[in-house]
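Engineer: Based on these hints, arrange chain P on the given structure of chain D.
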Amino acid sequence: MSAIIRLTAGALALAALTACAAEPPAPGGSAAARQPGRIAVAAGDTECKVAVSEVAAGTSTFAITNGGSKVTEFYVYAPGDRVMAEVENIVPGLTRELIAELPAGTYETACKPGMVGKGIRNPLKVTGEHKALNADAKLAEATRSYQRYVKSQSDTLLVKTQEFVDAVKAGDLKRAKELYPVSRTYWERIEPVAEIFGDLDPAIDAREADLAEGEEWTGFHKIEKDLWIHKDVSQDGPVADKLIADVRTIVAKANATELTPLNLANGAKELLDEVATGKITGEEDIWSHTDLWDFDANLEGSKAAVQALRPVLEERAPELVGTLDEKFAAAEAELNKHQRGDGWRLHDELSEAELKSLSDVINALGEPISRIAPIVAK
Amino acid sequence: MVTRRKLFGLGAAGVAAAGAGAITARSLVREPPVAHATAAEPFPFYGEHQAGIVTPAQDRLHFVAFDVTTGSRAELVELLQEWTAAAARLTQGEQAGSFGAVGGSPEAAPDDTGEALGLPASGLTLTVGFGPSLFDGRFGLAARRPPALADLPAFPGEKLIPEISGGDLCVQACAHDPQVAVHAIRNLARIGFGRVSVRWSQLGFGRTSSTSRAQVTPRNLMGFKDGTSNMKLEDADLLREQLWADAADGAGWMAGGSYLVTRKIRMTVETWDRTSLREQEEIFGRDKGEGAPVGKRHEFDPVDLAAMKPDAHVRLAHPSNHGDARLLRRGYNYVDGSDGLGRLDAGLFFIAYQRDPRKQFVPIQASLARTDPLNEYIRHISSGLFACPPGVRDAGDYWGRTLFG
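Line by line, the protein sequences give chains D and P.
Residue 1 is where the first sequence starts when you use this note's numbering, and the numbers rise one by one after that.
Residue 1001 is where the second sequence starts when you use this note's numbering, and the numbers rise one by one after that.
I should point out that these hints are in silico values taken from the structure, not numbers from a laboratory.
Just to be clear, a hint being listed does not mean it is correct.
Keeping only pairs whose Cα atoms sit at most 20 Å apart, straight-line, the calculated SDA-like set for lysine to any residue is [stated by the list, open to error]: (1) P:K1159 / P:E1376; (2) D:K174 / D:L211; (3) D:K378 / P:P1106; (4) D:K356 / P:P1110; (5) D:K70 / D:T106; (6) D:K337 / P:T1070; (7) D:K378 / P:P1110.
Since this is a predicted model, take the numbers as computed values, not measurements.
Extracted from the complex, chain D is given alone in its bound form (with noise of 0.2 Å):
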């Protein structure tokens, strides 16, 4: 939890986003230019064949079929892995709907056998006609991307911590901790929207030094300290169904809520932020020790917020979009080199040169996002 992300009354204009699948075509997608059917992708634990590499500018609808054995999520990407469509928690055997918007440009599509890594990339050429999107355009594409991006994680998120809950009131302390900084991870890519919601976010993401005095105490981490110190959360069920209560609301609000472009700056900025403050100190995780989940989901959730702004920033501040680019990267790079199997190493074990490093990296890239917000205001 961080300082509740600042927006004004108007920013927060509630309105009902439709969701993915039942937009509206973007207004440069003509109806012709509409690819007829749909597009198989035939995914498994080590090949992601798409039918078509190139298809037609407007909305595309991807059928993807999950054949290995492992759950799998499906991405297309514009350039700087910036998140046209994505779709997650695709089991074995389970074919999922993708519907993208699509503008003629160069973009590749993937599939993340395991949820982890670059994936399988496959390039996808789209061409047509496009109607070029004047400025005010690609702001509001920008906000809508990043909203299907919030949408796409707040939905693995209710699944993650569904599963999450579920093990705590079965009690299979194994289970849950190893699903409790699985479940965060979608919880941390999209906390500055969910920090909107100023109840809520304590009540989900408080921790023990975040309260005064008599007050209570529910969220991530009660269970996590009865997991890692009690040993025991065996009364925790009720924390649990408040928690899985909460997150309910709060994904139903995000997605509820219409985002300015200055939200996704500042929010982007915001992620950072936790990084610096709470995830570099290991103060978010200070039972577990798996900061560096957390710290990962900020960075993936600030880039999305960044990639999001792309198309307006390449026309605003090109030479900023190419130092974000070597900032993210070396900040990748840097927090990798800790990767453990699927997860990450813990906070307890990195050395204080190997925190600096990583500081180091963040502070490098957190100067150049909060040149962002201005650039947007113009």
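Structural biologist: Coordinates of chain P only, in the frame set by chain D:
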């Protein structure tokens, strides 16, 4: 606090305008005026030598050492250019960036951090130096490492902490107002994020030497006057001989520059304070009240080395014992609060400039480290060595141009 600082700033500026040439409230009482050293009137940034070396020692210090984190020589040069531009502004009492703390977009983080708004230049000087580690393979500088920038040898008894020693670059910020010195370092560090990483930094208060005859001699935390026989800015011939590097010294790019040695010297003041006055005075070789050498009455009376104990501090450090080698000292007292045992975490942040540390600091310190009875009360815990390039000539020039250009 804010109000008081404001009042103080205005007060000092007011006095200066009235022609008293005041430095600080303290100096009003203690010190005669020094040219260009008023709170409101800044020291010039451009010149043959960097400011902050012979500049009459200001009362406050924030010293920082950086590691360069970029591997790109071009980025490093760009950083030095950005730093130079910011330093040219900051030392003249302006803000770090062109928009400043409150002049930019309300959506943007301000390009100055703002804590010095309303304060005068306060005699701020910024002095940059290049550590030996900058001359490894990373930036193609290995062949340009000056012979005088030879690593310091290990001295007996020192207990150096690597984390607060060394560094690729250093910046010394001196000012009459600590807020102004900290502001300058904070903004330079911010400009450097992504290219340099702060390795360590040190705050100092209470200069422990005089670098001008116009200044009275201050005291270190042991209560003794320090810097009585220091080289002074008025000693032009001596400075040419002992302070400023010459093109003929083996590194042409250092002509007009100087070599900086820093040592953080922790004092165990509690045991010192239990030591008899006689012993304290014998250890130093001067009396505590006047600062007069043993057997003499006044501070500036010529020293009689023979009258002192053979291992008196003044005698061991005396130029006559080291081929007339001298240092321009401009150190600061420091107190970093108290340690976990309740002892004052305090001492001297020693700073000395010279033409060649191999002939000056090293032999002097070697002799002190071996036999100085003061060692019972002090310990060297950090060490730094830097080549400080010549001054920035004009707005088209930058720190280190002679090295990188």
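Engineer: Now tell me if each hint is right for this structure.
Structural biologist: Here's how the hints hold up against the structure:
no.	hint	result
1	P:K1159 / P:E1376	holds (13 Å)
2	D:K174 / D:L211	violated (28 Å)
3	D:K378 / P:P1106	holds (11 Å)
4	D:K356 / P:P1110	violated (25 Å)
5	D:K70 / D:T106	violated (28 Å)
6	D:K337 / P:T1070	holds (18 Å)
7	D:K378 / P:P1110	holds (16 Å)
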